[in-house]
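Chains as they are written, first to last, in this note's numbering: chain A, 1 to 474; chain B, 1 to 361.
Hints are not guaranteed to be accurate.
One side of the interface only, derived from the structure: several residues of chain B facing chain A at Cβ under 8 Å [as the list claims (entries may be wrong)]:
hint	residue
1	Leu52
2	Ala72
3	Ile77
4	Ala78
5	Ala85
6	Tyr87
7	Phe98
8	Pro99
9	Ala102
Honestly, the hints are just simulated from the structure, not real lab data. Positions of the beta carbon are idealized from the N, C-alpha and C atoms, including for glycine.
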Amino acid sequence: MTAADHLTPIEPVPPPARSAGLTGAAVGLFLQAVILGVAGAVAAVQALGLTLDLLVGIVWALVRSVGIDAGTPDLFPDLAIDNLDTYLLLAVIGACLLLLSRHEVRLGQALLAGDPEAVPSAVGLQWWFLGIGALFAFWTLVITEDAVLFPVVAVVLPLVVLALVAIGGGRPFPRGAGGDSSFGGSERWNFRSRTERREALLALVFLAPAFAVFYGFFFYPLGRLMHFAVYQQNRTGTAERYVGFGQLTDVLSGDEFREGLQHTLTYVLFTVPAGLVLGIVLAVVANRRLRGIKFFQTVLSSTVATSVAVASVIFFVLLNPQVGYFKVNWLAEPDQVLFGVSLSSIWQNLGLTFIIVLAGLQAVPDELVESATLDGAGPIRRFFSVTLPIISPTLLFLIVVLTVFAFQAFAQIDILTAGGPAGASETLVFKIFQRQQPIDLGEGSAMALGLFGITFLVTMGQFLILDRRVHYGS
Amino acid sequence: MSGVSFEGVTKRFDTVTAVDALTLDIVDGEFMVLLGPSGCGKSTALRMIAGLETISDGVLRIGDRVVNNVEAKDRDIAMVFQSYALYPHMTVAQNVEFPLKARKYSVDGGPPRKLTADERAERVDDAVKTLGLAELTKRKPGALSGGQRQRVALARAMVRRPEVFLMDEPLSNLDAKLRAQTRLDIVELHREVATTFVYVTHDQVEAMTMADRMAVIADGRLQQVGEPQTVYERPANLFVARFIGSPPMNTIEGEVAEAGVVAAGASRIPFTGDVAKGRKVVVGLRPEHLHLGEGDIEATVKAVEWLGHERHVIVDIAGSKAIVRQETDEGAAPRIGETVHLGHHVENVHVFDAGSTERLN
Chain A
1 MTAADHLTPI EPVPPPARSA GLTGAAVGLF LQAVILGVAG AVAAVQALGL TLDLLVGIVW
61 ALVRSVGIDA GTPDLFPDLA IDNLDTYLLL AVIGACLLLL SRHEVRLGQA LLAGDPEAVP
121 SAVGLQWWFL GIGALFAFWT LVITEDAVLF PVVAVVLPLV VLALVAIGGG RPFPRGAGGD
181 SSFGGSERWN FRSRTERREA LLALVFLAPA FAVFYGFFFY PLGRLMHFAV YQQNRTGTAE
241 RYVGFGQLTD VLSGDEFREG LQHTLTYVLF TVPAGLVLGI VLAVVANRRL RGIKFFQTVL
301 SSTVATSVAV ASVIFFVLLN PQVGYFKVNW LAEPDQVLFG VSLSSIWQNL GLTFIIVLAG
361 LQAVPDELVE SATLDGAGPI RRFFSVTLPI ISPTLLFLIV VLTVFAFQAF AQIDILTAGG
421 PAGASETLVF KIFQRQQPID LGEGSAMALG LFGITFLVTM GQFLILDRRV HYGS
Chain B
1 MSGVSFEGVT KRFDTVTAVD ALTLDIVDGE FMVLLGPSGC GKSTALRMIA GLETISDGVL
61 RIGDRVVNNV EAKDRDIAMV FQSYALYPHM TVAQNVEFPL KARKYSVDGG PPRKLTADER
121 AERVDDAVKT LGLAELTKRK PGALSGGQRQ RVALARAMVR RPEVFLMDEP LSNLDAKLRA
181 QTRLDIVELH REVATTFVYV THDQVEAMTM ADRMAVIADG RLQQVGEPQT VYERPANLFV
241 ARFIGSPPMN TIEGEVAEAG VVAAGASRIP FTGDVAKGRK VVVGLRPEHL HLGEGDIEAT
301 VKAVEWLGHE RHVIVDIAGS KAIVRQETDE GAAPRIGETV HLGHHVENVH VFDAGSTERL
361 N
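Extracted from the complex, chain B is given alone in its bound form (with noise of 0.2 Å):
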């Protein structure tokens, strides 16, 4: 067990920057999830963790080790691929046991030694049983559903005991049934092993629901660090603020026409904290922060969409597109075309600056 930190990591291929400066602590035991788009730098990060991408600035350590020069084999790392990397010749059993072959262990706090078959077996044995796999183990991958495969690539990852645990995306090829029954396995598995975990998705759904912490990046730049809860309640800008939630965060662009009052079009927009007067800004309001009847925003219907249990009322606020979360049980639909007025509470709006995009209040 030992935590990953980041001191002013970049990586370079070429001219393009892949992770620019990445300066991040995981903490011992903890679940990070690193977040962002498709092409952030995220897997790049990770990669670097695992010892598969060479650093060209910076240092990364493991627990207290410097490790930017240390081989990817002799890291004390274990990884969970997108495509789960099972080797398709070996049986359930010969995947989950090939570390064990491949690398000399520390028994009882001994030295290092090479495991005896016995010592072999029962671990592979533990390690099917905790993920259910006892009855496949005389099965070849190509004879297992994609939800076996997934469980057969974290046995052979846990079987190792390694001091952190990369995952890359090892959700992305599941159903979304199964994606959710997998969410709850894998933070099951953390709280059993106990060991850092450093997980990257794109899916914030997953980040949301798993992370201790999550990391936002997004152009190779660290965006911001914190507890799922936090993020989403206070982002760091405007990149945050409309990455993270679904549907996504609502901005309108305004300027501060009175001390804590936003203008923007015919809108006036009441907000917490102090924005010098005259100043460009971006309001940020969540969708579900926005309520139809009374209210200092005037906007026009432009479709309703119907999801059940819920609507999404898409109108248009000053020039700015935006949504409206309405519960089916509070009244009727507006009209299309029709101008309404929509509410929100002053600590529900979110101000950042039109320039640097950094958040203000």
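Bound-form chain A, shown alone (with noise of 0.2 Å):
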């Protein structure tokens, strides 16, 4: 007799029965389907005809152009070209809405046929679906502005999915292995306890006041911005017309904004890695135990508290012809006057860049510095095998916010050149800011919104690539 014969066999674990929550969710899943379904329809109908409309519209010019009409009405007046990108859209939204739908009704046939498989990703779509939501509120927000159906879809849609959060038979919220909520690795469908479901009040009442501060000064003017970039005003702003993502497409491969990229990009060039540079060096002489250290580190961290314009005045007179300390004439020569203006931005920032480095290389254990002398590493050899691969998640910070700092940058051009000479450093933000005319605004809302885009790409990019190098510590 072995061992083996006195353990219990293990009995064949049993397919999860058809609960009554699965069958709830299962019901919900199709009655979204529905809803989902209709509206596809409704978009899908929508776009089909007006594009009907324009292919009738395109069919009566060309009759018209010909001569056969003379004398008959212009039955479409309203039809242009430039309204195709519309129908596409609905087109495009109509179509996913549709195909949505159906997935759902086969997530739902899943459930019900007791899939474990389908729990997941049925909790997984309602994240799509809230998702699509808030896109689609964004959508109506920024093109319709319809007074009605804004109000319905911006605060009512929020509410009735929060409220489906906190009290809803479903959780939204995967339970994690450790009974946390989070978006990975759910195996159940767990109906909420009275106590999650208060809490989870409870949470959105805490979060209701970041969420208004966000919706007001961020959510919302991005709304407007994306509002104007599609709009046309006229000179004095009484009036407004859809001119369509044409204005966009128009604006950001147009001159004006290559031109002041171009001045921008040349501009971070200037002030990121030198700025970088010159901080970890101070940070690095100043990071002693030595007497009287604290007087340097104050002086050297004290452009902090200068203010851009502070800045701005000490540097237009150290670069002043006539009277300044260089007598260069830097701020007039169209290829130097980024160079003369990033100075003054380098100087000052370098009081962030230096507290923020000495920080972090006060974090360096000492013990790590001296193994190394230990292990024969000489000065050079330490900083960069250990020092800096440790305090590398600061530099990734700094290189970001320096980044983002010199796409903004503006008082300093405005104070030291006001763009000139001759436009050469009218940046972004600068031809932005010069297009305050309610007949421009839409030409700077489009600048405004590239260059959001921009900044978001450059500093995704520069996190995708500088993360893999950057070592967060243990």
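Now that you have both chains on their own, put them together as the hints suggest.
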């Protein structure tokens, strides 16, 4: 008799029973599918109808252009080929909604069949649904500004969703391995308990102030910006007309935007690497335990407390060709002006860079540097092989922040050169600033959106590329 | 391989003297433990060998070379830090390889040169295999347990084949079980590499079990150097007597009443050795050298602690608290408040001067 004979044979795990919860969830999915299906169908039909209208209009225009129609009334005065992008977008949305609807039906069927794989998918789908709802709300806000539809979508939809999350039968947050809410690794579709429901509601209450601030100062202005980017204002700003995404593409591919971007990128190249290297050098030099070092640390970080205006005036004087210290004419030479302006920014940001790098250096354990010394490494190898990798998260943060600062630079340019000479220091932000008149608002908004997109992409790129080389402490 | 010698070495930080005129010869190939309570200056002494602290006074030699003014990176020293000081952004293999890249080495007695990648890989391989880290070479320190990190630190030290190994409380971050195992591993490593080890600890068990010789340090001053058994059996002064041993040695104040007998309250404690009559002394008696039953020492039982294999009977002898170790099979525990008599062998009595605290017998 072997030991194994004493063991109870493992019973096969029974297939999951079809619980009331799963059935309820499936019904919910079917309901959603119906709503999505109807919405998708409406959008598709509308897009189709508009496209047909357009085709008819084109044919009609052709007919008129060959002169058969002498004297026939203009049947489609509002029809413009410009609006084609709107129809296409509507068609794409319609198609997506229909696909989503079909997917929901399939998931609902899988849930009813007791397929455990379907549960996380259904949960994931709810998130997609929320995201698409949010986009739709945003779209409504931007394009229609419809007095009825906007409040409904922007306020009621999120409220309904949040209430469902808090009270509803289904848990959109999958339960993670540790029992905490997370996006991954769901294996159970649980009903919320009373305590959990109360906690969720409480969380919403606590989130509300932050949401309100973000909404008022970020989402809403961003929505307005997107709105302006696709509209054209009249001279006094009292009326506007939809001009479509053509305005955005025209501006972003135009010479003005390209020139501004060129200046901005040059400015980034002048300020970010030099500022970072200088800051690191000063922080390394000042990171010593010497008597009186605090004095130097204070001096070196003092530019943090200096305003852009003060820094600009200081450099305005320093660089003045007649009375300045350097007696150079950089600010008046088109090919040197950005370099001249960047000097003031480098100086001004130095305090911040210094403080942050110094804090990073002081967090490097002494023992690591001592250990490297005993291992035979000289100061240079110690710095590049040990210190630098350990402060790399700090440096990544600084690169991102300094780049964003440079993209946003305005005051120093306005004070030192006012964009001159001959527009040679007009960065993107400066060009946007110049377009304040109602009639220029569309163009300026399009540029601002472009700048937002580029800053976003550059920052994402920095994270993606540099993050792999950054070591976060254990 | 080299010995290390301190000649009147002193380290002052502003007004504090951390190490006071330390004179100590660490013999080539020896396992020397510097033992003392925290803040006694033992770590400072170790850091002076490493070159991480400057020397205020005196001469420090590694081998025959005076190293007072030799930079840390130019001394052939490897050190294991209490925190292990592993480079968190490098893998285990890169950590172990780092000293091989940073320094020139003399191969087969030739002039020092940079090692080739193959030579480095071979040495790293050797070291990680010796310490059982072969499976972990691609991991970073953050993904290792405390014991594994400790072994990486050891591997990084031994890959160098240095003249001297320094270790600063390397076991204090490990749990008790792992600590016992690693003690044995380090002793075995010492036997294998046959190099001078200088090991700092505040834990007397580590010192007793690992040291060839130990140096007891207190308040920056060397108290006693010797083999663990000598230090335990013949402590040079009251500090060493009280510091070594667990539970600590009992000390009873008294006066030499006649040749070879100390009087303490109602008790008369005979001892061996010549101490002048009438001298104020402190008598030291280890808990395991006292026996309940017949004897000249009179004591009152204050408490009894049961530890499974033995009992600690806490008694009062002439106003001093003392502990008596009693094996569990040596009969029943005494009652609290009971007056008992304690016996001892005369040769187990340590006598110290009450003023200078130096040993007298």
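Would the hint on B:Pro99 be counted as holding, given a Cβ-Cβ threshold of 8 Å to chain A?
holds (4 Å)
Holds or violated: is the Cβ of B:Ala78 closer than 8 Å to a Cβ in chain A?
Where the cut-off is 8 Å and the nearest Cβ of chain A is about 7 Å from B:Ala78, the hint holds.
When the nearest CB of chain A is found for B:Ile77, is that gap smaller than 8 Å?
holds (6 Å)
For the hint on B:Leu52, does the least C-beta distance to chain A fall short of 8 Å?
holds (5 Å)
Would you check whether B:Tyr87 satisfies its interface hint, that is, whether its CB is within less than 8 Å of any CB in chain A?
Since chain A brings a Cβ to about 6 Å from B:Tyr87, closer than 8 Å, the hint holds.
Taking 8 Å as the limit, does the beta-carbon of B:Phe98 come near enough to a beta-carbon in chain A?
holds (5 Å)
Identify whether the interface hint at B:Ala102 stands, where standing means a beta carbon of chain A within less than 8 Å of its own.
holds (4 Å)
Interface restraint verdict for B:Ala85 against chain A (beta-carbon cut-off 8 Å)
holds (4 Å)
Does the closest beta carbon of chain A sit nearer than 8 Å to the beta carbon of B:Ala72?
At 5 Å from the nearest chain A Cβ, B:Ala72 passes the 8 Å test, so the hint holds.
The structure agrees with every numbered hint stated previously.
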